[in-house]
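**Student:** Residues per chain are reported as follows:
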Amino acid sequence: MTPAIKVWSLHLLVLALLFAAQFVLPPYHATNLARIMVLAVFAMGYNIAFGYTGLLSLGHALFFAAGMYAMGLSAWHLDAQAWPALIAGLIAGGAIAGAVGLLALRAVGVSFMIVTLMFAQAGYLTLLYLNSWTGGDEGFVIAQNARVLSGFDMATDTPRFVAAFVLFAVGLLACLWLVRSPFGRVMIAMRENEERSRMLGYSPFHVKLTALVLSGVYAGAAGAAYGMLFGYVGATFATIQYSILPMLYVLLGGAGTVLGPFLGALIMFYLIDITSAYTDAYFFVVGAALVGLVLFAPQGILGALRERVLKWLP
Amino acid sequence: MTQKHIGLAPSRRAVLKAAGAGLLTAGFAAPVWSQAAPVKLGFQLHRTGIGAAYGRWYERTAQAALKVVNDAGGINGRPVEIVFEDDGTDPKRGAEVVEKLTRQHNCDLIFGPLFSHVVIGSAPRAAELKVPYLVCSEGFHVAGGMLNRWTMQPGITDVRAQVSSMAPWVLANLGKKVAMVFPDYAFGHDHRDFFSAAVEAGGGQVIAQIAVPPTETSFTRYLPQIPNDTEVLYHVMVGPAVLTFVKELGEFYGTGARPEIFGFIDSLEAVDLASPGLAFLEGTHFWEGHCRNQQADASEFETAYRAAVGVDANGASVSDAKDVSTYAHMFSVWETLHIIKAGMEASGYQGAADRQRFVEAVEAMTDMPESLAHVQGKKLFNGKTHQVFGHQFISKVEGGKLIKVHTTSIEDSLYPDAVDYTTQSF
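As given, the protein sequences belong to chains S and W, one line each in that order.
Residue 188 in the working numbering sits at position 188 of the first sequence, with consecutive numbering throughout.
Residue 415 in the working numbering sits at position 415 of the second sequence, with consecutive numbering throughout.
There's no promise every hint is true.
[Said to hold, decoys possible] Once the Cα atoms are required to be at most 25 Å apart in a straight line, the calculated DMTMM-like pairs of lysine to aspartate or glutamate come out as:
id, chain 1, residue 1, chain 2, residue 2
1, W, Lys40, S, Asp280
2, W, Lys130, S, Asp157
3, W, Lys130, W, Asp354
4, W, Lys40, S, Asp157
5, W, Lys40, S, Asp273
Hints listed in this document are in silico derivations from the structure and should not be mistaken for laboratory results.
Please read these numbers as outputs of a predicted model, since none were measured by experiment.
Work out the full structure: start from the sequences and follow the hints.
**Tutor:** In structure tokens form, the structure reads like this:
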């Protein structure tokens, strides 16, 4: 079996298992899985920027919130239907990422991280400041008619799961195609050695900007979908916590692996869900798990697997 | 190395005998209702996050109310259980907790959240799951029509009612020229809009609206914006910032003349009035949803409630005088649990299939007389807007204690309905 067949078989098998999961999982876990798949799309976007291109951002909450608010505000103020609202979210995520990238990519490393963090914080405060338009810190509920996508009501379990699955599947396969494409190789080259890539004729600025915009489109799509599927838009989704979460998902699952963001989101979600039943200090448990990971498997779970066993894993 | 078990190793026969004896004893000792499955109530608790101080006391209040309800025979002759789940005071987690309580713990309904963003983030999921969701939030979002048929607020009044009913007293007793200092986000904006409207309606004048961004840690550059002819300074600062705010306000005015000061106790919930820097509050007035310091005219119900929850006459825990309660708000948990009991009994609630009948039974409620179930005072429930109305208290800080000086009437807090949830489908 060639590596390409192995790669596509594995990813299609994962998708098949996820689709089938809705028929066997108890309803509580099925809805959780829908949430996790949408959050995994957010993390996949982060992975394109950080895992594959080496852009350590702390501003992705801004792109996620841009998508969520573009969807929500167009539904609220313009009475937009579900599809136009979703597409607005996707475009907003990419556009804001592009605008931030044009300025922030003048900086590198820690400076880039700080600049993206400041942009995200400015975005969060803008949402609070424009309270009468955005609902401020309280947020707002998405009207029922804006949650009907191609005739399917996203407030019901099966359509919601299928919508989350479709978004996840498209995101996963597109990401797989991207990282195996020539442009994907250039992204990885930027991460590994920017100067050598430049010497070979590639423009680091353009490659990184393109990667950041793609990353923003993923984050925006995830934000818009999360708001529509679960019916709420609020400023907490623009706080720094939502810049750190996708980073943790990616680090846990494996930076620079296509399935890592999903695995990280899955484990992190249930780590919080289960430990919070036993202790108030569940974030301590999460922190301890991450410290352990950094010490013993810095490549993340799938990264460690790839290093030791599955050399062909993208 | 092998591990050797030492000590008393019981024989299989002894274990069987003991187990049999235990089962028999349990059978004789158990209460009558042990045959009935318990009513299971889910509590969406702010155990961690910014609402943790409230959450700690909400949990204690819920446990105390649960004991009272169970001691009085439970609900419909069945014992009652509460399943607490921490929402981290986060709307995303809040919605997940609603799901968990409903589908994993199989709770009959959910109650208890305070913070507005958690309520607004969770209410859509409650409606999708068709589970009653009784909030203790104070927000106008319930009566404002933002939420749904399954979400109700029968245990605490909302901000609009609170500020509207107090404005006449403030204008009549403290002054007519008001300067407002409030946090520049939704909670502060509710105060700005509703209190300003009430002041204008009462013949007063809001001469300054000073919005403070939520990230500010110092207020010195805002205080000079308070006009010199201000007669009443109205403040609703929240969180740790209030200590800095009051301290800097004291430094700003020094020992010279100052306007009358009126604030919301939200600023000082779970905070000891004897904390360093708060001395400047002496002689100022506060809104209280329920009087923290036990008043001379406290009802027998209020006294029994205070004892049941474990709060001393100063509003602190009976076991730790430094552990000050969130007394102005936490009665809502107690009253909501009693309304759940009344609603379930009125609807003949047996299980999840009766959830709709439970909502309809609560919607049919109107007068709620002062009693052990309504320890804060008499209430009036509006089934159309799913919002309760009640008395508000204005207290003055005297000798470090909050002394009640005025009780508003329920009529003062009423306003036109903004929504009729009973016309919405389930």
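**Student:** May I ask which of the numbered hints given earlier this structure violates, with the numbers listed in increasing order?
**Tutor:** No numbers; nothing is violated.
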